[in-house]
Amino acid sequence: MERRKFLSLGAVAAAATILPSAVSATDFRVEKPAAWQAEGSAEAIKALFGDITPIEGKIKMKAPKLAENGGAVPIGMKSKVEVTTVALFQDANPRSAVVVFELGEGGVFDLKTKIKMRKTANVTVVAKGTDGKFYSHVQKVEVSIGGCGG
Amino acid sequence: MKVKAKLKKGVVSVKVLAKSPMAGKEEAAKKKIDVEFITHMTATVNGKTVWEASTGPFLSKNPYMQFVFNPEKVGAKKGDKVEVSWVDNNGKTKKGGKKIK
Chain B
1 MERRKFLSLG
11 AVAAAATILP
21 SAVSATDFRV
31 EKPAAWQAEG
41 SAEAIKALFG
51 DITPIEGKIK
61 MKAPKLAENG
71 GAVPIGMKSK
81 VEVTTVALFQ
91 DANPRSAVVV
101 FELGEGGVFD
111 LKTKIKMRKT
121 ANVTVVAKGT
131 DGKFYSHVQK
141 VEVSIGGCGG
Chain S
1 MKVKAKLKKG
11 VVSVKVLAKS
21 PMAGKEEAAK
31 KKIDVEFITH
41 MTATVNGKTV
51 WEASTGPFLS
61 KNPYMQFVFN
71 PEKVGAKKGD
81 KVEVSWVDNN
91 GKTKKGGKKI
101 K
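Chains as they are written, first to last, in my numbering: chain B, 1 to 150; chain S, 1 to 101.
Check the hints yourself; a few may be wrong.
[Said to hold, decoys possible] As a list, the in silico DSSO-like pairs of lysine-lysine whose alpha-carbon atoms are at most 30 Å apart:
#  : chain 1 : residue 1 : chain 2 : residue 2
1  : S       : Lys99     : S       : Lys32
2  : B       : Lys58     : S       : Lys4
3  : B       : Lys80     : S       : Lys77
4  : S       : Lys31     : B       : Lys78
5  : B       : Lys112    : B       : Lys60
6  : S       : Lys15     : B       : Lys32
7  : S       : Lys30     : S       : Lys4
8  : B       : Lys60     : S       : Lys92
9  : S       : Lys73     : S       : Lys25
10 : S       : Lys81     : B       : Lys46
11 : S       : Lys30     : B       : Lys80
12 : S       : Lys32     : B       : Lys80
13 : S       : Lys95     : B       : Lys58
14 : B       : Lys80     : S       : Lys92
15 : B       : Lys78     : B       : Lys112
16 : S       : Lys99     : S       : Lys73
17 : B       : Lys65     : S       : Lys92
18 : S       : Lys77     : B       : Lys60
19 : S       : Lys99     : S       : Lys31
20 : S       : Lys9      : B       : Lys32
21 : B       : Lys78     : S       : Lys32
22 : B       : Lys80     : S       : Lys25
23 : S       : Lys31     : S       : Lys78
24 : B       : Lys46     : S       : Lys32
25 : B       : Lys46     : B       : Lys58
26 : B       : Lys140    : S       : Lys61
27 : B       : Lys62     : B       : Lys32
28 : B       : Lys58     : S       : Lys94
29 : S       : Lys30     : B       : Lys119
30 : B       : Lys32     : S       : Lys48
31 : S       : Lys32     : B       : Lys62
32 : S       : Lys31     : B       : Lys60
33 : B       : Lys65     : B       : Lys140
34 : S       : Lys81     : B       : Lys65
35 : B       : Lys112    : S       : Lys31
36 : S       : Lys30     : S       : Lys8
[Stated by the list, open to error] Take a look, some chain B residues computed to stay more than 12 Å from chain S by CB distance:
#  : residue
37 : Ile55
38 : Gly57
39 : Met61
40 : Lys65
These aren't lab readings, by the way, just hints derived from the structure by calculation. Glycine included, every Cβ here is placed at the ideal spot set by N, Cα and C.
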């Protein structure tokens with residue numbers, strides 16, 4: 001166990017020296033570590049964005065009403081609002097934060113991914129607009145067979 | 001890594017399928033495998049970053065990503081290559097890419 005940990009530390013150190021700068025541009029795992037440990041979505045959102053009052057109704061989320069496979073729940077997020085950052089959270093797993101997208105210049109808010117959900121829970125998306133305001137949307141996704149290694 | 005990039009109605013739609021167990025600590029303990037998941041992904045075109053993702057183990061195994069960008073705003077056009085790279089918690093890196101069709 002110790003040897004493996006020691007080796008992986010070495011690998012990270014070695015990789016850090018050869019990674020192209022583009023790869024570590026905005027790494028929210030590095031910048032906001034607490035957000036990734038937070039259990040609930042409210043806590044994770046606060047750790048990531050601070051105390052915000054997001055505007056609702058501007059983001060459309062496409063998710064199955066009932067997900068048959070909790071190991072791969074498709075989530076689509078779309079909005080006409082110009083944004084820089086889009087974060088996805090869920091209250092189905094031991095920790096809430098799933099992924100934080102950062103859009104480049106010319107980025108369009110139209111994203112899709114697949115997530116794991118152990119059980120029926122709310123999925124929340126919070127986006128930071130180029131106008132400095134925050135936008136959010138919450139949707140309940142029912143899960144028939146949980147998928148998080150379980 | 002599989003990447004597809006298609007220009008349609010003035011925007012480029014990119015699909016990425018990366019290979020990784022995306023096993024966090026609970027899953028790794030249960031399956032008796034190592035903790036192994038992608039932590040960051042980047043997509044660039046002509047050296048300009050068009051999309052990034054800070055990722056965690058609650059994405060599905062072999063994560064699927066889809067994003068859209070306006071090529072005009074980054075000086076990209078059909079035939080330019082969308083390059084995607086990722087790094088995981090163990091420092092493993094992978095690169096892939098596809099020309100915009």
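Checklist entry - Tell me, which hint numbers fail for this structure? => result Violated hints: 1, 4, 7, 8, 9, 10, 11, 12, 13, 14, 17, 19, 20, 21, 22, 23, 24, 28, 31, 32, 34, 36; rest satisfied.
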